[in-house]
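Residue 78 is where the sequence shown starts when you use this note's numbering, and the numbers rise one by one after that.
Honestly, the hints are just simulated from the structure, not real lab data. Note that CB positions come from ideal geometry on N, CA and C, so glycine has one too. Be a bit skeptical, because a hint or two may be false.
To be verified - FRET-style restraints, in silico, Cβ to Cβ: (1) P440 <-> G393: 31 to 41 Å; (2) L312 <-> G393: 49 to 59 Å; (3) R117 <-> Q189: 33 to 43 Å; (4) Q384 <-> R456: 50 to 60 Å; (5) N92 <-> K415: 40 to 50 Å; (6) L312 <-> E106: 31 to 41 Å; (7) G393 <-> A198: 41 to 51 Å; (8) R155 <-> E282: 50 to 60 Å; (9) P440 <-> A345: 22 to 32 Å; (10) R287 <-> E206: 19 to 29 Å; (11) A458 <-> Q285: 34 to 44 Å; (12) N92 <-> R155: 36 to 46 Å.
As the list claims (entries may be wrong) - Cross-link-like lysine-lysine pairs, in silico, BS3-like; alpha carbons within 27 Å at most: (13) K186 <-> K201; (14) K415 <-> K443; (15) K182 <-> K415; (16) K415 <-> K186; (17) K186 <-> K309.
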Amino acid sequence: MVEAATKDIDLSVLNHRATISDPYPVYDELRAASPLFGYRDFPPGTVPGVDEPQPAWVVLDFDHVSQVAYDHERFSSRDSLQEESSAPTLMLVNHDRPEHTRLRKIAAKVFQPSSITAFHAEAKRLARETMDEFISTSASVDVMQEYCAMLPARVMAALLGVPMARAADIRGWATAFMLSEDLTPQERQQRNVALLDYFDGFVREFVQNRDPASAAAPLLTAFLDTEVEGEKLTLEEAVLFCMTVTVAGAETTSFHLGNMFAVFADEAGVFARYREEPAIFDRIFKETLRRHGPPQRLFRVATQDTQIGNALIRRGDWVAVFFGAANHDPAVFPDPRKFDCDRDNLNRHMSFGYGIHRCLGAPLAKLELQVTAELLRERFARIERAEPAEWQGVSLLNHGLARNVLRFIP
């Protein structure tokens, strides 16, 4: 009955380029009727033109998104479409318990806060070098291409011990896997295969030739050596973890960085306030995630019949969980289009997920934004928009800018 009632709503609007560039007005129009059935789009790692997406329920209301994201028993993260594609399976993101529990315990130890803190100086060095290379006061700069695309790739290269010369490859693999670049099916498949082939060979060579006394490749070393309750990752799992953190770290963080630059340029008084009050960075970071959070939606699959709002979601149904829509639910975040780092509920943003699948890489993403903001504060008095912002319109997996041309005033 509910499914029949929603057939008159054309959910293909969610795939329009204009919607992908600015999805929030469409979310507002659809939210009251959520859940809605019939949405079709692609999970990470799939290949449009080769793989065929399943029709899915759309969940947009904050409470409904929270319910589905938290209830890992009734809503599985295993993605048969992605598993059957030419790309490797993401670690943790596409696992359920009990396997997820084993993997997450190890990964949580790898990403413990002390490890991220220890990387601060190296992250700032990489940020400084990247900023020196691309951002000056003499000309306007497209920070998406010249800084935001490069810093996360270089950070991942440093953490994994990958030669810096491969940073551009890391970026290309990430944009293909996360569907944020227009590519032919053949090009996308080639990059997905190249991603796995590279890390499979790289990790095996690293294991064969590693120097136990070396401090290089701290993240890869941790993946290989960390043991929890007698359990360690297999070599194959270490390879897949390298691939997973590469595509997530080099893509989502790139958009997150670009969105912070846009906030500093476009939101009146934010950068000036940060320069006077650097301790406010944490609030700016969180409100950027809420207002412009890159992760927009992921899929779940119902493991049993479950009532969500007015909809009975049947076992086997796909559900698209729209974290970006939850972040703009006016019942939770009044005046959601307003950037307001003084909100009293900034911790409720959903951009890092919810429940057992909350993003373990969040502290690393925060570190990259933090060192970038520190350098901008040290070097520049103002950041101004030089050309209109152009938000990417390729995939609703991530919300971020395609072009972000700014001028930096010393």
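So, going through the hints one by one against the coordinates:
no., hint, verdict
1, P440 <-> G393: 31 to 41 Å, "holds, 36 Å"
2, L312 <-> G393: 49 to 59 Å, "violated, 34 Å"
3, R117 <-> Q189: 33 to 43 Å, "holds, 39 Å"
4, Q384 <-> R456: 50 to 60 Å, "holds, 54 Å"
5, N92 <-> K415: 40 to 50 Å, "violated, 27 Å"
6, L312 <-> E106: 31 to 41 Å, "violated, 49 Å"
7, G393 <-> A198: 41 to 51 Å, "holds, 50 Å"
8, R155 <-> E282: 50 to 60 Å, "violated, 31 Å"
9, P440 <-> A345: 22 to 32 Å, "holds, 30 Å"
10, R287 <-> E206: 19 to 29 Å, "holds, 26 Å"
11, A458 <-> Q285: 34 to 44 Å, "violated, 51 Å"
12, N92 <-> R155: 36 to 46 Å, "violated, 24 Å"
13, K186 <-> K201, "holds, 23 Å"
14, K415 <-> K443, "holds, 22 Å"
15, K182 <-> K415, "violated, 38 Å"
16, K415 <-> K186, "violated, 37 Å"
17, K186 <-> K309, "holds, 11 Å"
In summary, the numbered hints that this structure violates are 2, 5, 6, 8, 11, 12, 15 and 16.
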